[in-house]
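J.: Could you build the full structure based on these sequences and the hints that come with them?
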Amino acid sequence: MSEELPPIPDDVSAWIGEQRYETVGEFDVERGYVFSSCASVENGNPLYWDEKVAQDLAGGVIAPPSMISVWFRPHYWAPNRTEQAQPLQVHFDLKERLELPEAVMTDNTIVFREPVRMGDRLKTWQVLRSISEPKTTKLGTGRFWVIDVEYVNQKGESVGTESYTGFGYRRAAR
Amino acid sequence: MTDTKLTLESVSAGQELPELRIPVTPTTVVLGALASRDWRPMHHDKDFAVERNGTKHVFVNTPHNAAYFERYLTDWTGPHGRLGKIRFRMKDSVFPGDEMVFHGRVSGVREDEAGCGWVDLDLWLTVGDKTTTECNASVAVPVREGDNPWTRRGDDWRP
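Line by line, the protein sequences are chains Y and V.
Be aware that the first sequence starts at 1, since it is given in the numbering used here, and climbs by one per residue.
Be aware that the second sequence starts at 1, since it is given in the numbering used here, and climbs by one per residue.
Bear in mind the hints are in silico, worked out from the structure with no lab data behind them.
Among the hints, erroneous ones may be present.
[Claimed, not checked] List of simulated lysine-lysine pairs, DSS-like, C-alpha gap at most 30 Å:
#1 Lys123/Y x Lys52/Y
#2 Lys95/Y x Lys91/V
#3 Lys56/V x Lys138/Y
#4 Lys123/Y x Lys85/V
#5 Lys135/Y x Lys95/Y
#6 Lys130/V x Lys138/Y
#7 Lys52/Y x Lys85/V
#8 Lys52/Y x Lys5/V
#9 Lys155/Y x Lys123/Y
#10 Lys85/V x Lys155/Y
#11 Lys130/V x Lys135/Y
#12 Lys130/V x Lys56/V
#13 Lys85/V x Lys135/Y
#14 Lys130/V x Lys46/V
#15 Lys95/Y x Lys46/V
#16 Lys138/Y x Lys46/V
#17 Lys56/V x Lys95/Y
#18 Lys85/V x Lys130/V
#19 Lys85/V x Lys95/Y
#20 Lys138/Y x Lys91/V
#21 Lys91/V x Lys135/Y
[Stated by the list, open to error] Examples of chain V residues lying across from chain Y (beta carbon under 8 Å, computed):
#22 Ser36
#23 Phe88
#24 Trp150
[Stated by the list, open to error] Residues of chain V placed beyond 12 Å of chain Y at every Cβ, according to the derived structure:
#25 Glu9
#26 Ser12
#27 Leu17
#28 Glu51
#29 Gly97
#30 Glu99
#31 Arg105
#32 Gly108
#33 Arg110
#34 Glu113
These numbers were taken from a predicted model, which means no experiment stands behind them.
In this text, a Cβ means the ideal position worked out from N, Cα and C, and glycines have one as well.
T.: What follows is the structure, given as structure tokens:
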């Protein structure tokens with residue numbers, strides 16, 4: 001089955017290692033979302049609720065590390081926006097260009113660096129790291145790819161890197 | 001949330017974390033989706049989830065899952081615990097009516113070349129007898145009294 005997949009176009013191969021979709025967050029990191037996130041999982045960590053604890057431990061109020069991608073999810077609606085903005089656009093580009101209509105994320109690794117602080121305006125970009133040869137799994141035949149998402153603050157300091165492994169595929173014949 | 005400050009010397013490989021049980025309702029799912037700014041309808045619209053995704057109900061999204069694992073870890077470490085790295089493998093979805101049970105076990109304890117104390121953990125989430133998410137995490141904790149992983153910057157922080 002694997003030979004049915006078209007070859008990887010040269011311009012798609014050239015994406016590997018290239019910084020794509022550099023984006024600045026639509027709003028400053030703010031405490032309201034930190035409270036909403038903590039409330040949604042009943043996280044009572046005083047680092048996020050008590051300013052004195054935050055000052056003593058982290059030099060000021062910070063966001064929970066796991067919120068790193070929250071600061072880039074686009075508003076549901078914005079003036080003059082004609083297309084729905086997509087997080088992880090490289091993933092959707094690969095689906096389209098490799099002619100693989102279905103896709104799943106199989107693995108997500110996040111490395112956390114500088115704490116994200118209130119008032120930070122973060123920037124992100126995506127880097128395609130690899131595309132596999134054709135593989136056949138129980139889902140179908142397709143290709144695995146690895147995409148890194150880099151996050152930096154307004155000082156250019158890395159606050160984290162997310163690495164996603166996706167599998168784009170054509171469904172197995174039933 | 002405990003007020004205790006876990007230190008590296010008090011942790012050993014094989015140590016188990018206390019279970020955390022969370023009953024899931026539609027509100028749980030929607031709270032997490034909105035808090036993570038995930039407006040996709042399968043996380044708030046049951047008709048869409050059933051008819052378009054073929055699932056039995058709305059389901060917990062990935063960032064909400066991550067926030068639960070972070071809470072589970074720092075409930076155990078206390079506020080000095082600083083998450084360095086986390087890896088997820090989502091195997092199945094979590095729906096209203098499920099009871100999530102978080103589990104954890106220390107897989108290793110180490111001090112890196114910068115003197116930072118690390119606890120490596122295997123974590124997993126079950127619903128009934130099914131494991132829905134597997135996770136590995138590394139969290140920095142004080143090596144001893146007076147140490148604070150949050151003060152580490154630059155080359156002193158090597159997650």
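J.: So which of the earlier hints does this model not fit?
T.: none
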